[in-house]
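**Student:** Since each chain sits alone in its own frame, please combine them into the complex, following the hints.
Protein chains in written order, with the working numbering: chain A, 1 to 266; chain B, 1001 to 1108.
One or more of the hints may lead you astray.
Some but not every residue of chain A turned toward chain B, in silico, with C-beta under 7 Å [as the list claims (entries may be wrong)]: (1) W88; (2) I100; (3) I172; (4) A176; (5) L190.
The hints are simulated quantities; they were obtained by calculation from the structure and are not laboratory data. All residues carry an ideal CB built from backbone N, CA and C; glycine is no exception.
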Amino acid sequence: MLEAMQRPTMIHGLVPPIDRPSYREGTKAMMPFAFPICVWGLVTGVAMVNAGLSVPISILITLTVFAGSAQLAVLPLLITATPLPVVWVTALLVNLRFVIFAAAARRSFVQLPWQQRMLAGYLNGDLGFALFSRRFADATEHGNPQQWGYFYGGAVVNWVAWMGASIVGILIGASAPEAWGLNQAAYFALLAVLIPMVHRAPVAAGVLVTAVVAVATVHFPMRLGLLLAVVAGVLVAVAAEALRPEGQPHGADEVAADITHDGEIA
Amino acid sequence: MASVPYLLVATLGLTLVTVATRSSFFMLPARIELPARFERALRYAPACALTGIIAQSVFARGGEAYVSVHNNQIWALLAAAVVFAKTRNMVAMMVVGMAVFTALRLWV
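Next up, chain B with everything else stripped away, as it sits in the complex (with noise of 0.2 Å):
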């Protein structure tokens, strides 16, 4: 488990980063600006990150890879995309997940 003095320090690098991403451009001297290459491959890095995360948490326990048929996570994280993609509502998606989540916890 995580110490608080670690907690605090990756804390304030955190807020550094929000500040340094969301205020980035508008600190910058107006004479720089962001090369269209560059925004491209920057469209794509939080989608990528994000996916990383969400991978690396659900098929996997443990550090090792767990792509399984009894990997209760994935069924539920399945359902809840499915919700998702249907009706771009987080509630109905949270509810569908967590009940999947829930049920197979409780009775498989």
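Chain A extracted, bound-state conformation (with noise of 0.2 Å):
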């Protein structure tokens, strides 16, 4: 598999060239979010199933969309086939910091071709973001082996994780009586990335409305409430960072830690 990495004619392109000490470093620092990765994963598969999506299906998204926060939210909307539009939309909602870590490493993978770009991406989740912008955050060169190496060494620990325990989340999901209500879990699993984002008053009074709205507007059609609610709590949440002097924009890796539990990853 290595030896493969280090050829990228032998796997058509798709990755581009890797220096293998950095790779295993890369896999070094992600191994201990391994298992907090498979609870995740787990707790995703589970849920998936219990909800009352089919074993292939869930196998299907879980292989696909392989993002678990967004994957959990819509949840809900999936099973009441609200009308496609808002599922997509409320993914892509939860999926925004995404865009905030692509534009803080971007400088590291412009160099590469197009579809190599384009699976880094893909595969540039918030454990791997956080621990690849704290490695290599006072690096003067952007884009090198080195770099490409780190970054897919916790990739690979990440996706064969998440995918595993994913999986196997599923399978016990099928042979659990939906009455122990599993599928639960799925929130509390949502409280564990939503918890560590609250930390600032700007961000809680954002919370706070757009818990109030979506509960008041619960009954509009195709959860468009869940929208207006969202809309509510960014704007008041903004407008209070504009009322705080100390609510100064923080970088993307403090988002990233936000969302990786704070200091546990340095």
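**Tutor:** What follows is the structure, given as structure tokens:
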């Protein structure tokens, strides 16, 4: 596998040239997170099936969508056959943090052919980005086999742990009675992503407004109340930030650290 | 219940959303940058979207708001939130949350 990765021609140019020691360093850096990734994957798998999706569809979603929080967020929408634009916009909103990550990491990838950039981007999840941006925060050169190796080392561990645990979860979920309410775990898992994000007054205000508007508008057709609630929450958060001088914009690495539970990565 | 064609089209779109967001600035020309004002709004959207989904799922039932002491999901969610905020331990949160939910379901 590693041999092949050092010769890009063998894998049809999808992966950039990779420095082998850096690849190993990347896998080692991600290893401590393999267990939390597995728990999260397991919960996502169990929740999808327990909410009512079939095993083949759940496996397809796992293998293609590859975004745990978005998968869990759209789950209640999918099982009630909510109009597709609402499903997609909801996933988009949950995934907007990745746009910030992509903007912050782009200088290490822009040199590559488009298919290599697209694949690297697709694999650039929360943890991978947080580790990568921390490791190369002081780098003077951007875009070399060391950085690509480190990135792919972490990405491979993340992918294997996530996919393995998700599929095990799907199979477990299929054999658990629905009455146990294992799909509850989905909301706890979303809470685990949400809570570390809410550590400043502006975002707390936005979240509170979103919750109130979302519950008040739950009877709106096509779940439009959900989108309305998010727009209201974001506007309130932005307005609250403007009122507070200490609400200065913080960097993408801090956004990632919020999501990956603050200091744990250090 | 959702049909298979619906779910297949939904999955295709969700995959495109993952690629579009994660690869966004990897694919755009270097001269296009993320405006600071826009980035600030982007930072708040995921937290609000997660909140909206949780709120509409837990504080509602059958398309109606359901804010009541009899709503077991609310108590389970609160217990899970407290455990996670204190310990940052996802396994502990899951165990406590499910235990509260199951206890209320069986005995209340």
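**Student:** Does A/I100 pass the interface check with chain B, least Cβ-Cβ distance below 7 Å?
**Tutor:** Nearest chain B Cβ about 6 Å off; hint holds.
**Student:** Holds or violated: is the Cβ of A/W88 closer than 7 Å to a Cβ in chain B?
**Tutor:** holds, 5 Å
**Student:** Minimum Cβ distance from A/A176 to chain B below 7 Å?
**Tutor:** Check failed: Cβ of A/A176 comes no nearer than 11 Å to chain B, outside 7 Å.
**Student:** If you take the shortest Cβ to Cβ gap from A/I172 to chain B, is it below 7 Å?
**Tutor:** violated, 13 Å
**Student:** Let's test the interface hint: is any C-beta of chain B closer than 7 Å to that of A/L190?
**Tutor:** holds, 5 Å
In summary, the structure is inconsistent with hints 3, 4 from the numbered list given earlier, while agreeing with the others.
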